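S.K.: Each chain, written out:
There are 4 protein chains.
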Amino acid sequence: MNALEKLTELFRRFPGIGPRQATRFTYFVANMTPAQRTLLAEAIQGLSKNISLCVECQRLTELQICSTCRLCLDESRDNSQLLLVEKDTDIRSIEHANAYTGKYFVLGGSIPVLDENPLSRFRSEELKRKLQNESSTLKEVVLAFSATPQGEHTTDVLKEFIHKHSPTVHTSVLGRGISTGTELEYIDDETLRHALKNRVE
Amino acid sequence: MNALEKLTELFRRFPGIGPRQATRFTYFVANMTPAQRTLLAEAIQGLSKNISLCVECQRLTELQICSTCRLCLDESRDNSQLLLVEKDTDIRSIEHANAYTGKYFVLGGSIPVLDENPLSRFRSEELKRKLQNESSTLKEVVLAFSATPQGEHTTDVLKEFIHKHSPTVHTSVLGRGISTGTELEYIDDETLRHALKNRVE
Amino acid sequence: MNALEKLTELFRRFPGIGPRQATRFTYFVANMTPAQRTLLAEAIQGLSKNISLCVECQRLTELQICSTCRLCLDESRDNSQLLLVEKDTDIRSIEHANAYTGKYFVLGGSIPVLDENPLSRFRSEELKRKLQNESSTLKEVVLAFSATPQGEHTTDVLKEFIHKHSPTVHTSVLGRGISTGTELEYIDDETLRHALKNRVE
Amino acid sequence: MNALEKLTELFRRFPGIGPRQATRFTYFVANMTPAQRTLLAEAIQGLSKNISLCVECQRLTELQICSTCRLCLDESRDNSQLLLVEKDTDIRSIEHANAYTGKYFVLGGSIPVLDENPLSRFRSEELKRKLQNESSTLKEVVLAFSATPQGEHTTDVLKEFIHKHSPTVHTSVLGRGISTGTELEYIDDETLRHALKNRVE
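Residue numbers (my numbering), protein chains in the order written: chain A, 1 to 201; chain B, 1 to 201; chain C, 1 to 201; chain D, 1 to 201.
If you are wondering where the hints come from, they were derived from the structure by calculation, not from laboratory data. If you're wondering where the values come from, they're calculated on a predicted model, not measured in any experiment. Misleading hints may appear alongside valid ones.
Since the list gives no way to pick one copy over another, a pair counts as held whenever it fits inside one copy or between any two copies.
[Stated by the list, open to error] Straight line, CA to CA, 27 Å or less: simulated DSSO-like cross-link-like pairs of lysine-lysine:
| no. | residue 1 | residue 2 |
| --- | --- | --- |
| 1 | Lys6 | Lys49 |
| 2 | Lys164 | Lys139 |
| 3 | Lys197 | Lys139 |
| 4 | Lys87 | Lys6 |
| 5 | Lys49 | Lys197 |
| 6 | Lys87 | Lys139 |
| 7 | Lys6 | Lys197 |
| 8 | Lys87 | Lys197 |
| 9 | Lys197 | Lys159 |
| 10 | Lys164 | Lys49 |
| 11 | Lys139 | Lys49 |
| 12 | Lys159 | Lys6 |
| 13 | Lys6 | Lys164 |
| 14 | Lys6 | Lys128 |
| 15 | Lys139 | Lys6 |
| 16 | Lys128 | Lys139 |
| 17 | Lys128 | Lys159 |
| 18 | Lys87 | Lys49 |
| 19 | Lys139 | Lys159 |
| 20 | Lys159 | Lys87 |
| 21 | Lys128 | Lys87 |
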């Protein structure tokens, strides 16, 4: 395997990348100047030195004081709410929507429907500790998962987990209903049932 | 224009049909037996004799007693709720979801955002009369429109119209949030805001 | 089943039409004026009186002199070429491309790959008669079928059929190669092989 | 800009990559082990040492004897044919189709339709030199470009260029016609004209 094929192999493991696009990436990199390639290689290596998990919310982040991320250090955010997401990028989506001001926790995974060892699928020990540490201030845990079978199963498992380890805390889930842009004509039955049940003034 | 072209012209006016599919339809009909063609022609003509608007909900329907449709005659349905839709087929979608047991009213259109004569865009006289007739029993009007700019504008206009002609009646709209199958990663900001705001236990 | 459902049933049999679009068609027709519905019904019925198969090329067409269609009566067209297509609409496509001036014949079907009775799948008797009648003038039969397994199998069967019934006639097939708009990057191997083999000056 | 954002910026420049996927790539890399990151960074850096342009065909390749690539060194390949492509990956596609045994030359670009300085868009000096060096053996230059306006313009410019610098050499282009899988019904007029004109026995 030559140097071009070796790099193509590595790009093929990137999420959503097939053989054709992996090859295009390799030729894109091969056509860079040596200086540009060095920049890219250093940016990749740089993550090892500069990035680690926040001890509070478990997301990957630039190191701050005491291994804690910017969002967890922010005292203006509401300590009574904790929003659980599956992965780091979900925090970005929610921050971008600009409609939540509480704290976060990254589970690091979701739970397949018939999984036999669900506790191994998410950061259960870290979450347990977090719930204990915050027990005096925490009032609501928001479960923000996909509206898919796996997302719904994750919701069920996490609800039980939270009620067991933090019985006085309320749990909530994202509202279900019609999404922006949806035409009534193309809506599925389940969404329509949610939209009718969750109708608002 | 020959007989084939004439029929193709008529099929081209069908909703969502381009020239290619109109031609395919014509050849499909041309390849029917004369008896099958007669059946189709009679089914089309038959609508003139058998179908009319229900005087109560204004949907197109098979004639029943007193020009009133099956749903409006159904005494087991809840008279205190009236659900407004843009068009007949929306009733089918909602009945299919099996989550609403009140009455219906078909507006016969929706209102474009900058329209100067909104009252001409829907059955405003019929709706006014309906609201007056039902004033003793009606408690809630559900506005079930698409989550599009035109649907939202129709909601705004209709809310005002109802509050003017039936001030004691409540209005509600379909719940907004994440639809079945939506992954958190691909959600738009507005839907995420609704989903966070409308979160449920 | 009421009149609306009956018509919806008939529209569902149209090529490429699912339940949702069949319903939309029905409401489209139901919202026509009675005069418009009569026009549509008469255009459908009209095909029984005005349309029949051309005795020469077997396509559905407006009746002309001696049950022969306009293209077959056209003396400016080249009698030495006969182009075979699967269905009527293929003639339209080829006429539209404006690159063929010979005669046509509509097979009325194509032949599935493992079919046991291929002669029953196309107008074999009519084609045999046509080849005999034209034996003095006919020089080339063009087989114009899809570049799919079924189209290629139809080509094979028809080549053999023609060589049996008209041994002196040449057969030809549509050129294979890259289609307009195709980028080299997304071409399949087989097409590329054809394009390399059939390369032109 | 932190380390994660810096890497996301670099991934955004990759061909076909939007902001969402660039972010996913960054988190994918961030979740690698330090050893895996080192492997990726070294594979990228490695291209600077191991890869260069072949002096004969101008493609990027692993270094071989005399800065010449494996294909150009292969004496079993036909020296009388030279196939011109726009970019490196096109050679892969053609080799994969396994239907060409001559030599290659990579232009390094294609020529936009109204471009004022077409000679600057491809390796015109290198191609001129190549044509001169091979003048005793070369008989045919195959122009293998996309069937798009830009590809066709590139063909026109290159034909002229070759006839000017190597007047006795023949040029040819990829055959046009219907591609594998194409149904006659959905073919465009231009492709159908090519397919009729280039029909084969």
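S.K.: Next, verify each hint and record whether it holds.
M.R.: How the hints compare with the structure:
Taking the shortest alpha-carbon separations for lysine 6 and lysine 49, both the intra-copy value of 25 Å and the inter-copy value of 14 Å come in at or below 27 Å. Proximity of lysine 164 and lysine 139 under a CA criterion of 27 Å is satisfied intra-copy only: 15 Å inside one chain copy versus 42 Å between copies. In this assembly of identical chains, lysine 197 and lysine 139 lie within 27 Å of each other by CA distance both inside one copy and across copies; the values are 25 Å within and 16 Å between. For the identical chains of this complex, lysine 87 and lysine 6 are inter-copy neighbours only, at 20 Å across copies versus 29 Å inside a copy, given an alpha-carbon limit of 27 Å.
For the identical chains of this complex, lysine 49 and lysine 197 are neighbours neither inside a copy (50 Å) nor across copies (39 Å), given an alpha-carbon limit of 27 Å. In this homomeric assembly, lysine 87 and lysine 139 come within 27 Å of each other (Cα to Cα) only inside a single copy, at 23 Å, whereas the closest approach across copies is 44 Å. Taking the closest pair of Cα atoms, lysine 6 and lysine 197 never come within 27 Å of each other, the shortest separation being 55 Å inside a single copy and 33 Å across copies. In the homo-oligomer, the alpha carbons of lysine 87 and lysine 197 lie at most 27 Å apart only across protomers (21 Å), although the nearest pairing inside one protomer, at 30 Å, exceeds that limit.
In this homomeric assembly, lysine 197 and lysine 159 come within 27 Å of each other (Cα to Cα) both inside a single copy, at 22 Å, and across copies, at 19 Å. Taking identical chains as interchangeable, the C-alpha atoms of lysine 164 and lysine 49 are never at most 27 Å apart, the minima being 38 Å within one chain and 58 Å between chains. When the C-alpha separation of lysine 139 and lysine 49 is checked against a cutoff of 27 Å, the pair qualifies neither within a copy, at 36 Å, nor between copies, at 58 Å. Neither within a single protomer nor between protomers do lysine 159 and lysine 6 lie at most 27 Å apart by alpha-carbon distance, with minima of 45 Å and 37 Å respectively.
Taking the shortest Cα distances, lysine 6 and lysine 164 never come within 27 Å of each other, neither inside one copy (49 Å) nor across copies (41 Å). For the homomeric pair lysine 6 and lysine 128, neither the shortest alpha-carbon distance inside one copy (42 Å) nor that between copies (34 Å) is at most 27 Å. When the C-alpha separation of lysine 139 and lysine 6 is checked against a cutoff of 27 Å, the pair qualifies neither within a copy, at 51 Å, nor between copies, at 37 Å. In this homomeric assembly, lysine 128 and lysine 139 come within 27 Å of each other (Cα to Cα) only inside a single copy, at 15 Å, whereas the closest approach across copies is 47 Å.
Proximity of lysine 128 and lysine 159 under a CA criterion of 27 Å is satisfied intra-copy only: 13 Å inside one chain copy versus 47 Å between copies. Taking identical chains as interchangeable, the C-alpha atoms of lysine 87 and lysine 49 lie at most 27 Å apart only when both belong to the same chain, with a minimum of 21 Å there against 38 Å between chains. In this assembly of identical chains, the alpha carbons of lysine 139 and lysine 159 lie at most 27 Å apart only when taken from the same copy (14 Å versus 36 Å across copies). For a Cα distance limit of 27 Å, the shortest separation of lysine 159 from lysine 87 inside one copy, 18 Å, qualifies, whereas the shortest one across copies, 41 Å, does not.
Taking the shortest Cα distances, lysine 128 and lysine 87 sit within 27 Å of each other inside one copy (18 Å), while across copies they are farther apart (51 Å).
Consistency note: the structure conflicts with the earlier hints numbered 5, 7, 10, 11, 12, 13, 14, 15.
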